[in-house]
Amino acid sequence: MANAAEDRRPLTVELRGLAKAFRGAEGRVQAVDALDLSAAEGEIVALLGPNGAGKSTTIDMLLGLTEPDAGTVSVLGGRPAQAIAAGDVGVMLQTGELIRDLSVCELVAMAASVYPAPLDVDDTLCLVGIDALAGRRTQKLSGGETQRVRFALALVGNPRVLVLDEPTVAMDVEGRLAFWEAMRGLAARGTSVLFATHYLAEVDANADLVVMIARGRVVAAGPTTELSARGGLRTIRATLPGVAPGRLAELPGVQWAERHGDVVVLDCADGDMALRALLAEQPEARDVEVGGGGLEQAFIELTGMKEAA
Amino acid sequence: MTLSYTRAEIRRAFRNRRFFLFAVGFPLAIYLLVATPNRGVHDLDGSGISAPLYFMAGLATLGTMNSVLAGGARISIERTIGWTRHLRATPLRPRTYFATKVVTGYLTALVPLAALYSAGISLGVDLSVSQWAGMTALMLVGLLPFAALGVMLGHLVGVDALGPAIGGTSGLLSFLGGAWFPVASGFMHDVAQALPSYWLVQSSSVALGGGGWSATGWLVVTAWTLLLGAAAVFAYRRDTERA
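Chains as they are written, first to last, in this note's numbering: chain A, 1 to 309; chain B, 1 to 243.
By construction, these hints were calculated from the structure, which means they are not laboratory data.
One should not assume that every hint holds.
[What the hints assert, rightly or not] Selected chain B positions facing chain A (Cβ under 10 Å, derived; list incomplete):
id	residue
1	Tyr-5
2	Phe-14
3	Arg-88
4	Thr-90
5	Thr-96
6	Val-191
7	Ala-194
8	Asp-239
9	Thr-240
[What the hints assert, rightly or not] Residues of chain A placed beyond 10 Å of chain B at every Cβ, according to the derived structure:
id	residue
10	Asp-69
11	Asp-101
12	Tyr-115
13	Gly-143
14	Met-171
15	Glu-174
16	Arg-259
17	Ala-285
[To be verified] For the chain A half of the interface with chain B, some residues (derived, Cβ under 7 Å), not all of them:
id	residue
18	Leu-63
19	Gly-78
20	Ala-81
21	Ile-84
22	Val-91
23	Thr-95
24	Leu-102
25	Glu-106
26	Met-110
27	Leu-141
28	Val-263
29	Val-265
Even for Gly, the Cβ is constructed at its ideal location relative to N, Cα and C.
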């Protein structure tokens, strides 16, 4: 895999050959299998996969909350428990409500008190964009606000490694923007950020490296830009009545053509070539859109979601 | 670090007004109902202890037991919402977490204790300063097994069964321990003596002069503390392995 760029900074997280099976109703389920993953200082690494791909199990093993059946986990050169005890790891797990009867400020201060060298509580609230909520009781927060407070709890210990499982679920647009801005700021200061998600757009826009997993296995890993390019497929849609899909499928660069009423949809191996040929041969085509492709297309191909659908 | 963490935990507990409404209101109401008509009884069933004093300790047993049990049992809520899991990924050590729960449980127990002492005084309970102090000390020691039991319940019982578990345990154990009426002799007395709640109720015997508890009392309380302490550790381990 293209995970080993030579000019990477020192690794903070290294998972090698990780495997974990669970006994389920239908016998053994291999949740994670032969998984390799690493993050270096200052990197934002996305663990991308559909639901049930093994993201949360991987994160649990990374944090030492679950023992792997096989493989090794190294966080800052030691066992996860050591890094956690040293206060070097900030965590936002997928599920979790906040304890009640404290204000946001009090809760974050309480969390800060267990770390050896925490950030200033007010600074943390500002960083996450919840300074206006400081006095609010935790049980009176909305879902998105709760999520941002949980993010503050992960940050306040001033961690060198930040591990986030589906961090932006339930956040509104503003919350997401603040979140990713904070994240990039931390990475610029050398913090490793490792986050699990199934939101492609977020990975595309924010991650340096992406590790795609499906059914517990890594199906692709590398710099986000590289993987986006790998999914060469594009989809062209146009309003074009009265032309048989069979004719369109023969255009150069087109693999498959379909008709939905007046609209035709072309799956293209080479989107640029197909678009030129379409416009040259069918000048009456209107409302032409080129979509798909990029990371999304790569994701669909690599995780085999298309076959499943 | 531990101090500010504990302080926040205590602040939370004391903000839960509804809890105190019941933890104080319930034993206080029973006390006033039971002890007021018997306020003139100076020697209850030949024990040498006045009715207002005996029932004061008895219902303080119920109230404090409830608070201390609830202190540990709140772990159940925090497990359910995923908070303890979050804490496992922080430098907070489990023993600090448990110690905080126990300390908080004890501090909340002081509220019903103070309420019952005040009610007792208003009904004529008259002890010397050293007797008050001795009785309180025995109460605090006698609550140790229940602190451990609370932590154990916090790991074994789900949130929806928490109320009945705490209420039932403290109700039954205070009843069998003689908190609601004295158990002076017979089979019930033999059973009662083996219970930690009996000795909580018996902390009122400081009024008779002497140390309050017999050697049996100290033995029973120590044994239950060790036993329930071990059970709590076991419940915690089993719970974390599963998670």
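Hint numbers not upheld by this structure, sorted from lowest to highest
As far as the earlier hints go, 6, 7, 8, 11, 12, 19, 20, 27, 28, 29 are violated by this structure, in ascending order.
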